[in-house]
Amino acid sequence: MSKPIILSMKNVSVHFPVKGALPFSKKRVVSAVSDVSVDIFQGETFGIVGESGCGKSTLANAMIGLVRPTSGEVLFKGNKLYSLSPQEFKEIRRDMQMIFQDPFSSLNPRFNVYQIISEPMKIRGGASVDEMKKRVIELLELVGLSEKDLYRYPSDFSGGQRQRIGIARAIILNPDFLVCDEPVSALDVSVHAQILNLLMELQEKLKMTYVFISHNLAVVKSICDHMVVMYLGNVMESGSTKAIYQHPLHPYTNALLSAVLDVDLDNKKERILLQGDIPSPINPPRGCRFYQRCPYAMKGCVDKKPALIEIEPEHFVACHYINPFAQEEINAGLAKPLNL
Amino acid sequence: MKSFMNGLKEMLSGIWGFIRKLWRHPKGRIGLIIVILLVVCALFAPWIAPYDPYDVTQRAQKGLSPSFQHLLGTTITTGQDIFSMLIYGTRVSLTIGVVTGVSLAFLGALMGICAGYIGGFADTLIMRIVDVLLVIPTLPLTIVLTNLFGRSYLMIILIFTLFGWTGLARVIRSLVLVLKNANYVKAAELAGASRWHIMMKHILPGTSHLLIMSTALTSAGIMVAEAGLSFLGLGDPTAISWGKMLAEAQSGGALLFGHWWWIIAPGIGIFLAVFSFMRIGLVMEEVFNPKMKQSSNIYKLFKNLNNTYIEEVFSSMSEAQILGVGGEQS
Ligand SMILES: Nc1ncnc2c1ncn2[C@@H]1O[C@H](COP(=O)(O)OP(=O)(O)OP(=O)(O)O)[C@@H](O)[C@H]1O
Ligand SMILES: [Mg+2]
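One line per chain: the protein sequences are A and B, in this order. Quick note, the first sequence lines up with residues 4 to 343 if you use my numbering. Quick note, the second sequence lines up with residues 2 to 331 if you use my numbering.
Hints were generated in silico from the structure; no laboratory data involved. It is possible that part of the hints are untrue.
Estimated spans, in silico, between C-beta atoms of each pair [claimed, not checked]: (1) A:Ser40 with B:Thr125: 54 to 64 Å; (2) B:Phe276 with A:Gln90: 51 to 61 Å; (3) A:Ser16 with B:Trp17: 28 to 38 Å.
Calculated Cβ distances over 10 Å to all of chain B for the following chain A residues [said to hold, decoys possible]: (4) Ile67; (5) Met99; (6) Gln100; (7) Met101; (8) Ser109; (9) Gln164; (10) Ala173; (11) Lys208; (12) Lys224; (13) Gly290; (14) Pro298; (15) Asn334; (16) Gly336.
Simulated crosslink set (DSS-like; lysine-lysine; CA at most 30 Å straight-line) [said to hold, decoys possible]: (17) A:Lys125 with B:Lys187; (18) A:Lys13 with A:Lys245; (19) A:Lys13 with B:Lys10; (20) B:Lys10 with A:Lys208; (21) B:Lys10 with A:Lys125; (22) A:Lys22 with B:Lys187; (23) A:Lys137 with A:Lys93; (24) A:Lys6 with A:Lys307.
Heads up, the beta-carbon is just placed ideally off N, CA and C, and yes, glycines get one too.
Please put together the full structure from these sequences, using the hints given.
If you want it as structure tokens, here you go:
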């Protein structure tokens, strides 16, 4: 029934070493992403949501080979991305591109629009200057700019226009996999809709698969087919967007949704306010990473990591509250509420 | 070959751009005019200078005061024409200043980019070398080395270059650490760019304003240092330089006989050369700073004053701290 899988991640973890404050202090690591598995289907829009710092960008970077995972496997069109030879890796990665969050640092201020957009084509080689120019002009028109802008510099453009230039650069090599890392969150609210519409139009025209990272749950709801909810490097809930929005299960998802969408949720729930801040990813909790802020935390949540379990078709949740402990664990007192 | 020619063309047009910017800047224009004048003096010294400054046989002309024949008079000791010496002195000062400034910028850029972009072992090695070089006192070392290897200007250029690149390398390194994490570098990587491409197209041009600025400022510094060395008698004994003119004036009794022009002339030469190069360096800083401001976090913070964005900036700042960007490495 379902479409073919274009990219799949198997138990991917990404750790960054951090230097200690003192010369001889122990080496520590930030576990930005830990043990994440996802499947992304051809032609869909796949959403990644979560608070700032939970590892969304790192996860996306691992998908397209900008960050090497510490462990785990990434398969793109059936190829193990990180076992390819450098040459093959380069070739296959041309099918993956990215639109960056920050339209200010994503364009080299010393390049003009033509140089910026044509750069990927120039790097790949094999095209004459005339061909490149023609293609760049074609793309400029596609993203809503014009030939007049060809020799202007990034500083002459507004945030939204810069983002359009970034989009043109991303699609010049006809990628079929495009990561949009919060493509509008740095822009004025007034241009959000324009950029999102442009992205949707392009997806339709060019048959691309999108990975869409966002804080904005309303946007994710309206454009994503599948999604994951991340917290501190872990996937809390995943599945089809429809299932998750209709029937959010994880306490964290519930809190996120109630904070943002309480107007347009059908079954009105009371607003859940999370206590405290997102803990540091340097020493993440051993068990459920959310237990310190979870209103339903139980004794067992501290030490036992919940597995991601399919609750209904296309809907997975990692939570001991939703997937209860086994009988002997309950007998051992793990299900008793945790008083922090 | 073709790409090399293109690179050259780009570089030349870049330099032309700098000159145009300097010219438009009122302070820069003064510096530029003086530098052009000095360069003309240096290049055409034999045609401009009315006498041969090396001619020490004019016993009859010793110790003349300024006149139309001898604009700045002649030396008391040997009767050389001071104005001609001044013109010829431009050659030494400019050559040493510019050659050292350029080679120092080259070495500093090479080391800083290797340390910042390649990282790892190269970084550790280079930064340790920097640490060692920084604590070596240059002046005593210069005296020792020139005594050892002979007092030639080549030696002086070599010493200044080998011991002077450290500060620049550090600055370039931290700039490179920032540049290499820029998103446009990631975009190029995604398109399959080689490290060479990224270095030549994105990293090196990103440091060019710093390099040009530093060349101008270090050239000025080196010219003062050269004058100092020559004054101490450590310069090349066969060439005429402003520093050596000063030394001769002092030992030749210019003060004793009240021949102040003998002292003032080389002083003005040194002053003009240093002043014009400093001017150019400082104006460049002013010209380039607005651009730097545009890409700095603070600027973005004010430009996009919306909450998620501020959060973003702070998180990227703390990321930078984790990475140790811009800070000292432990
Ligand atoms: N290169 C790096 N070195 C060290 N730590 C890093 C690095 N990149 C990311 N991190 C850390 O990994 C964690 C996840 O970062 P990431 O950028 O993936 O978060 P995010 O979910 O994209 O956040 P945001 O919504 O703010 O973009 C953060 O704690 C961050 O500090
Ligand atoms: Mg991010």
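Cross-check of the supplied hints:
1. A:Ser40 with B:Thr125: 54 to 64 Å: violated, 37 Å
2. B:Phe276 with A:Gln90: 51 to 61 Å: For phenylalanine 276 (chain B) and glutamine 90 (chain A) the Cβ distance comes to about 55 Å; the hint holds.
3. A:Ser16 with B:Trp17: 28 to 38 Å: Violated - the Cβ-Cβ distance for serine 16 (chain A) and tryptophan 17 (chain B), about 52 Å, lies outside 28 to 38 Å.
4. Ile67: violated, 7 Å
5. Met99: violated, 7 Å
6. Gln100: violated, 6 Å
7. Met101: violated, 6 Å
8. Ser109: Not fine: 4 Å to the nearest Cβ puts serine 109 (chain A) too close to chain B.
9. Gln164: holds, 14 Å
10. Ala173: violated, 7 Å
11. Lys208: The assertion about lysine 208 (chain A) holds, with a minimum of 21 Å to chain B.
12. Lys224: holds, 18 Å
13. Gly290: With a cut-off of 10 Å, glycine 290 (chain A) remains clear of chain B, as the shortest Cβ separation is near 25 Å.
14. Pro298: Nearest chain B Cβ is 24 Å from proline 298 (chain A), so the label holds.
15. Asn334: holds, 44 Å
16. Gly336: holds, 39 Å
17. A:Lys125 with B:Lys187: Holds, at about 16 Å.
18. A:Lys13 with A:Lys245: With Cα atoms ~24 Å apart, lysine 13 (chain A) and lysine 245 (chain A) stay inside 30 Å; holds.
19. A:Lys13 with B:Lys10: violated, 49 Å
20. B:Lys10 with A:Lys208: violated, 40 Å
21. B:Lys10 with A:Lys125: holds, 18 Å
22. A:Lys22 with B:Lys187: holds, 24 Å
23. A:Lys137 with A:Lys93: holds, 25 Å
24. A:Lys6 with A:Lys307: violated, 35 Å
Hint check: violations occur at hints 1, 3, 4, 5, 6, 7, 8, 10, 19, 20 and 24; the rest are consistent with the structure.
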